[in-house]
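Engineer: If you want the building blocks of each chain, they are given just below.
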Amino acid sequence: MSTPEDNSVAEYERGNSEISQHYRELRADEVPSAMDEKILGQARDELRKANRARRWREWAPPFALAASAVLALSILFRSGTEREPLIAPQAPQPATTAPPSSMQGSSNQPATPAAKEELTRLEPRLKSAPQSVNEPAVHPKIAGAAAAPAPQQLGKLSSPAPETPQQLPSASEPAAVQSEVAEDERVPVLTANLAKQNGVATDAMAQAAVPSAPPGREFKKAAGEFDAAGVAERWLQEIRKLRADGRSENADRKWHEFRKAFPDYTVSPDDTARPKPSSAPDDPSR
Amino acid sequence: MDSGSVTDISSALKRSAGDELVASGSDRASADDDARLMMRYRDGDLAAFQLLYARHKAPVYRYLQRTLRGSEAVNDVFQEIWSKIVASRRNYEPKAQFNTFLYRVAHNCAVDHFRRSARQREALTQDIEEFAEEIPSARELPDEAVSSAQLQARFRRALDELPLEQREVFVLYEESGLSLDDIGRITGVPMETAKSRLRYAVGKLRNALRLHQPGESA
Numbered sequence: 001m002s003t004p005e006d007n008s009v010a011e012y013e014r015g016n017s018e019i020s021q022h023y024r025e026l027r028a029d030e031v032p033s034a035m036d037e038k039i040l041g042q043a044r045d046e047l048r049k050a051n052r053a054r055r056w057r058e059w060a061p062p063f064a065l066a067a068s069a070v071l072a073l074s075i076l077f078r079s080g081t082e083r084e085p086l087i088a089p090q091a092p093q094p095a096t097t098a099p100p101s102s103m104q105g106s107s108n109q110p111a112t113p114a115a116k117e118e119l120t121r122l123e124p125r126l127k128s129a130p131q132s133v134n135e136p137a138v139h140p141k142i143a144g145a146a147a148a149p150a151p152q153q154l155g156k157l158s159s160p161a162p163e164t165p166q167q168l169p170s171a172s173e174p175a176a177v178q179s180e181v182a183e184d185e186r187v188p189v190l191t192a193n194l195a196k197q198n199g200v201a202t203d204a205m206a207q208a209a210v211p212s213a214p215p216g217r218e219f220k221k222a223a224g225e226f227d228a229a230g231v232a233e234r235w236l237q238e239i240r241k242l243r244a245d246g247r248s249e250n251a252d253r254k255w256h257e258f259r260k261a262f263p264d265y266t267v268s269p270d271d272t273a274r275p276k277p278s279s280a281p282d283d284p285s286r
Numbered sequence: 001m002d003s004g005s006v007t008d009i010s011s012a013l014k015r016s017a018g019d020e021l022v023a024s025g026s027d028r029a030s031a032d033d034d035a036r037l038m039m040r041y042r043d044g045d046l047a048a049f050q051l052l053y054a055r056h057k058a059p060v061y062r063y064l065q066r067t068l069r070g071s072e073a074v075n076d077v078f079q080e081i082w083s084k085i086v087a088s089r090r091n092y093e094p095k096a097q098f099n100t101f102l103y104r105v106a107h108n109c110a111v112d113h114f115r116r117s118a119r120q121r122e123a124l125t126q127d128i129e130e131f132a133e134e135i136p137s138a139r140e141l142p143d144e145a146v147s148s149a150q151l152q153a154r155f156r157r158a159l160d161e162l163p164l165e166q167r168e169v170f171v172l173y174e175e176s177g178l179s180l181d182d183i184g185r186i187t188g189v190p191m192e193t194a195k196s197r198l199r200y201a202v203g204k205l206r207n208a209l210r211l212h213q214p215g216e217s218a
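Chains Y and C supply the protein sequences, listed in that same order.
Take the first sequence: its position 71, counting from 1, is numbered 71 in the numbering used here, and each next residue is one higher.
Take the second sequence: its position 1, counting from 1, is numbered 1 in the numbering used here, and each next residue is one higher.
Chain Y extracted, bound-state conformation:
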């Protein structure tokens, strides 16, 4: 049996009650329009933020890939442009005879048959030396020198080189020569000096002589070989002087040392540096 209270609640729950009607008639404020704008703006901002994040997530991988590609290309390009000036100084390489290390009897001797092969290999490149802005032109003298079958004429090429003790190491100090030549900073300077002495100045040499240019391994090698010709000639000069002074023993000893260091270096048969036939038989063909 239901009570009157239950009936009234049941009537209310059916939704037709007086209470519901009175409740709906109660005055109620509307939501302020400023509040509407604020909330809708907030909803819009939230979407924008999410869109930005999503767009970033979408573009991040391709962007990273593109950045990596640009980085890799720039590194490749940079390494390419750095290698260009280092290769260019190889042009005078044929005019060299031996690297400083050869003075100590090292197996790595440019003045040996290996050096001849290298010279033969470089010959066509030197002949067709590029004239573009990026690749320094090779002076005709250098080109001519390179074109020659080097070992036999190396002496002639390098013979007019006048030396000063300050510029070149003494021939009697091959170790000192080697250590000096090995110095990165000294190599380009020595090379430039030698080029001047030979009356040869090329753009490539000038570029190599710039101290700020980072000397690479190839450049050091080329410069060392080029320098060796000067050293050999300096050595011969000293021997000639000893002979002229009548110090034949010293001259002979130095001649043997010289031959050890430069076995393939061509010395004229009538060169005064040579020992007299009676004291030290030497192969005239050399």
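Worth flagging that the hints you see were computed from the coordinates, not collected in a lab.
One should not assume that every hint holds.
As the list claims (entries may be wrong) - Okay, the calculated bits of chain Y under chain C, using three or more residues with CB under 8 Å as the criterion:
| hint | region |
| --- | --- |
| 1 | 18-26 |
| 2 | 36-42 |
| 3 | 230-239 |
Given the structure is predicted, the values throughout are model-derived calculations rather than measurements.
For every residue, glycine included, the Cβ atom is placed at its ideal position computed from N, Cα and C.
Go by the hints and put chain C onto chain Y.
Structural biologist: Only chain C this time, still in chain Y's reference frame:
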């Protein structure tokens, strides 16, 4: 009457004339539609949120007005509720009706507000006094209008004087269109408790109206 029938009956009748609620075929369809709108908003459709907001802003606002009784606080809490709805879009999953979700957020925000405000009782008293002043004097209105206005004032006062728990259940029942089961879940009580609160509230309001009727008033 069981809770199911309460839901069915109330669902057809909970739409007040001023609401922007869309008159869909049924509450279930509307609830599904709300969930779909929220999903669309989650996926980046702002228009879906605008529609959702237009549907629910008035009932939620009235719920707060009846429960909090302070325009300043109502605006603050109203904004807080919708901010939470907006922020929850990323994780929203339609596990329940959108209405249940929305009014649970509203209930929690209201509770937070009550916890923050120590002057709830003061505000209640002040509001009732202010409202009493708004009632037109008998000299300015004809007898019928006086009677109607007084009846409304009495009803309002009776509503405001309801204990918070009963008032909230009553207002939720009127505004949200949810079942007592859902209301129980929102307010954190069993359905029977919610139903009991609703009965008490309805009984008190009915008494207030009965007292006003001619011959029954003191």
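Engineer: Could you run down the list of hints and mark each one as holding or not?
Structural biologist: Okay, the hints, checked on the actual structure:
Residues of the region 18-26 of chain Y lying with their CB closer than 8 Å to a CB of chain C number 8, which satisfies the three-residue condition for coverage. As drawn, the region 36-42 of chain Y meets chain C at 5 residues by the rule of a beta-carbon pair under 8 Å; at three or more, the given contact holds. Only residues whose C-beta sits within less than 8 Å of a C-beta in chain C count toward coverage, and the region 230-239 of chain Y has 0 of them, not enough to reach three; the restraint is violated.
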